[in-house]
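Colleague: Residues per chain, in single letters:
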Amino acid sequence: MSSSTMGNRLSKENVAFQSEADRPNTLTSGHRACQGCGEALGARCAIDAAFKAANGKIAVVNGTGCLEVFSCVYPNNSWGVPWIHSLFGNTPAVATGVAAAFHNQGKDDVRVIAQGGDGSTTDIGMGCLSGMFDRNDDVLYICYDNQAYMNTGVQRSSATPALARTATTLPVGSYLGNDASSGKNVPEIAVAHKIPYVATASVGNIPDLERKVAKAINIKGAKYVHIHVPCPLGWGFPTSETVRIARLALKCGLFPLFEAENGEVVGSTPIDDVIGVEDYLRAQRRFAHLFGKNATPDAIGILQNIANTNIQKYRLSGGVSDD
Amino acid sequence: MGALSVAIGSEAAGVRSYTATSSQGLLYMAEAVYNASGLNLPIVMTLGNRAIGAPINIWNDHTDAMSVRDAGWLMLFAETNQEAVDLHIQAFKIAEATKSPVMVCVDGFILTHAYERVDIPSQEEVDDYLPPYEPEISLDTKHPQAIGTMVPPEYFTEVRYLAHKRQIDSLGVIECAGKGFKEKFGRESGGLIHKYNTENADTIIVTMGSVAGTIKDVIDELNEKGGKYGVLSIVSYRPFPNEAVKEALRSAKNIIVVEKAFAVGIGGILSQEIELLMKDSNCEIKSVIAGLGGRAITKPMLTEYFLNNAKERTTFLGLKEDIIREEYKPLNCGKCK
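Order-wise, the sequence lines are chains A and H. Using my numbering, the first residue of the first sequence is number 1336, and each one after it goes up by one. Using my numbering, the first residue of the second sequence is number 103, and each one after it goes up by one.
No lab work stands behind these hints, which were simulated from the structure alone. Computed from a predicted structure; not experimentally measured. There's no promise every hint is true.
Claimed, not checked - What follows is a set of in silico ranges between Cβ atoms, one per label pair, in the way DEER data are often shown:
(1) A:D1443 - H:L264: 31 to 39 Å
(2) A:S1465 - H:F211: 46 to 54 Å
(3) H:R352 - A:R1367: 51 to 59 Å
(4) H:P255 - A:S1364: 21 to 29 Å
As the list claims (entries may be wrong) - Below, in silico cross-link-like pairs of lysine to aspartate or glutamate (DMTMM-like), each with a Cα-Cα straight-line distance of 25 Å or less:
(5) A:K1550 - H:D242
(6) H:K244 - A:D1444
(7) H:K244 - A:D1443
(8) A:K1442 - H:D242
(9) A:K1392 - A:E1355
(10) A:K1529 - A:D1543
(11) A:K1392 - H:E238
(12) A:K1392 - H:D242
(13) A:K1442 - H:D304
(14) H:K201 - H:E236
(15) H:K244 - A:E1355
(16) A:K1555 - H:D242
(17) A:K1550 - A:E1523
(18) A:K1387 - H:D242
(19) A:K1442 - H:E238
(20) H:K413 - H:D304
(21) A:K1392 - H:E236
(22) A:K1442 - H:E236
(23) H:K244 - A:D1357
(24) H:K431 - H:E414
(25) H:K381 - H:E414
What the hints assert, rightly or not - Incomplete in silico selection of chain A near chain H, CB under 8 Å:
(26) A1428
(27) A1430
(28) P1531
Beta carbons: idealized from backbone N, C-alpha and C, even for Gly.
For reference, chain A alone in the conformation it holds in the complex:
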């Protein structure tokens, strides 16, 4: 039995802040996210953690996307923090302006968060994000990665993983769907900018997510946290399975958890019991074409290779021996 099955018998420091009675609920209930939304869970945990770590002094800039649409439709607003939405592609630049204004007013204690989905981050806002990193502006950028444009009907983004079916990468005959790319790796692009802090996190490991956001929010300069947030609608799994799917992604190595500082990877979260990618893939309809009679035999191997590379590169196999 591994420690991940110990539930509420975990030691105090490993219990999520989210389970405490005094969590601030910065993203309150009543918003319009789908049942089982990984992004809503990720955003609530991340912003709550930042709120606590910054003594309630945070402001949030939100890019266009699911999170913006479901949390803030006039006259309703689910946010308990100062919040602004401007456009799809300019979120990092707006956050730069907010941080500059707080600095100008002598309010450096108010910490600035920019957040968006993978479409906003890895595609549309990539130029502004790189600029914000380059200037090392005092902003924490959080990407909630559900690996496609879910709000508009599951179109492929540059974060969509290899072989995943989306509305715009349907498998046809021997063509497997999105085999064009393994997904743009924005955490590694962020590391290459040598900004003070980069981390990946997942709703499959909330205490780790909270710790990384809480650490990032009080670092001066540009920070990037990339959070894996499964989407029941777009990925095709029951709404009760969000956290389990996220954990399978962690356990097979397809989503590596690591931290980097100033351009160097400084740590990673080892996997207790490494599993094959098949367990993760079989649980989602977007990979259903990889199985069954008509499946291409070596397709799963492509994804297994990606997972193996991650496990080696980020030294994730703490729980099992390499062979």
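We have chain A; now place chain H onto it with these hints.
Modeller: Okay, now just chain H, sitting in the frame of chain A:
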């Protein structure tokens, strides 16, 4: 895109914010232009007016400004370098009073790269004219608010209607800012329009920006020889000062609109607005498209046009007919005769 977005963020966090752009840069930030006005952020932006490609061309005309004329910004056109300075000071006062962003349009190269002696008021004088910025709403941790929420069909029309009303109401604020500026600094700068010899003119030339200076020189010469010409230059292009323009054009029998941009397939843009405004008058309105992509607008070209009573509604000033004869082939689908 990034530059105006930074200003959107800093203004939303409660700090007076400014940026500048030109030509392709304005088009690249087009969605941020609409966003700034939609969020009622009183940003001031200089637009160094230049052409839009393709063909790529770096020189002056007004195509960039015209491309965002419906974006909800207040748009002021400077005639001289001194007015460019003065309009920027007034722009913050106007923006903050109207909660609208203000674009100060300054002719690219002709004004932006010209050396001319200007009076730059001291910080103290400007501070006296322009009080500290007090934002009505901002990103405040003590009073968390959401700015820029999605607005559904149930409310969207009302939001847009209010933007329309607010822009029309801004006419008074712009006029007042010009008067206050004169009281404080002793100079006529800004306001809604500039009138030059319009009172008894038969022919009034309507224009915007720096070309008004050349036109004034031309009509001075024509008026010395017995002509009856006047010039009306529009300072406040948005909001458009309908009543002030109508009043200034009251005596005109002929109106000639000289403008540095046009709507492809339709013609002059300012010309159409003047035609609509003067539809109940008997005056004849002609449209002159001039100075595109930095083509010089010279005194002889204008003099010739003003004296020759063009028959065509629209004239492209200085058009090289030989090139057009060679290059223009009428389009035909192949079936129509």
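Colleague: State for each hint whether it applies.
Modeller: So, going through the hints one by one against the coordinates:
Judged by the Cβ atoms, the range 31 to 39 Å given for D1443 of chain A and L264 of chain H holds: they are separated by roughly 36 Å. S1465 of chain A and F211 of chain H have their C-beta atoms about 32 Å apart, which leaves the hinted 46 to 54 Å range violated. In this structure the supplied range 51 to 59 Å holds for R352 of chain H paired with R1367 of chain A, their Cβ-Cβ distance being about 57 Å. For the pair P255 of chain H and S1364 of chain A, the supplied restraint of 21 to 29 Å holds, since their beta-carbon distance comes to about 25 Å.
Simply put, K1550 of chain A and D242 of chain H have alpha-carbon atoms about 23 Å apart, close enough for the 25 Å limit, and the pair holds. Between K244 of chain H and D1444 of chain A the alpha-carbon distance is near 13 Å, which keeps this suggested pair within the 25 Å criterion. Distance check on the hinted pair: K244 of chain H and D1443 of chain A sit about 15 Å apart at the alpha-carbon level, within 25 Å; holds. Of the pairs offered as hints, the one joining K1442 of chain A and D242 of chain H holds, with about 11 Å between alpha carbons and a cut-off of 25 Å not exceeded.
Distance check on the hinted pair: K1392 of chain A and E1355 of chain A sit about 20 Å apart at the alpha-carbon level, within 25 Å; holds. Distance restraint check for K1529 of chain A and D1543 of chain A: the Cα-Cα separation of roughly 22 Å lies within the 25 Å cut-off, and the hinted pair is therefore satisfied. Pair hint K1392 of chain A plus E238 of chain H holds up; C-alpha atoms about 20 Å apart against a cutoff of 25 Å. For a cut-off of 25 Å, the pair hint linking K1392 of chain A to D242 of chain H stands: about 9 Å separates their Cα positions.
At roughly 61 Å between alpha-carbon atoms, K1442 of chain A and D304 of chain H are farther apart than 25 Å, so this suggested pair is violated. Using a Cα cut-off of 25 Å, the hinted pair K201 of chain H and E236 of chain H holds, with the two alpha carbons roughly 11 Å apart. For the proposed pair K244 of chain H and E1355 of chain A, the alpha carbon gap of about 23 Å is at most 25 Å, so the pair holds. Restraint check for K1555 of chain A and D242 of chain H: satisfied, since their Cα atoms lie roughly 20 Å apart, inside the 25 Å limit.
For the suggested pair K1550 of chain A and E1523 of chain A, the alpha carbons sit about 19 Å apart, so the restraint of at most 25 Å is met. The straight-line distance between the Cα atoms of K1387 of chain A and D242 of chain H is roughly 17 Å, inside the 25 Å bound, and the hint therefore holds. Restraint check for K1442 of chain A and E238 of chain H: satisfied, since their Cα atoms lie roughly 18 Å apart, inside the 25 Å limit. For the hint linking K413 of chain H to D304 of chain H, the alpha-carbon distance of about 17 Å falls within 25 Å, and the restraint holds.
Proposed proximity of K1392 of chain A and E236 of chain H is supported: the alpha carbons are some 21 Å apart, at most 25 Å. Annotation: proposed proximity of K1442 of chain A to E236 of chain H holds, straight-line Cα distance about 17 Å (limit 25 Å). The suggested pairing of K244 of chain H with D1357 of chain A holds, with an alpha-carbon distance near 19 Å, which does not exceed 25 Å. About 21 Å separates the Cα atoms of K431 of chain H and E414 of chain H, which keeps this hinted pair within 25 Å; it holds.
Only pairs whose Cα atoms come within 25 Å are accepted, and K381 of chain H paired with E414 of chain H is accepted, the gap being roughly 18 Å. Hint on A1428 of chain A holds. Least Cβ distance to chain H is approximately 4 Å, under the 8 Å limit. Using the Cβ-Cβ criterion of 8 Å, the hint placing A1430 of chain A at the interface with chain H is satisfied: the shortest such distance is roughly 6 Å. Among the interface hints, the one on P1531 of chain A is violated; its C-beta lies about 20 Å from the nearest C-beta in chain H, farther than the 8 Å criterion.
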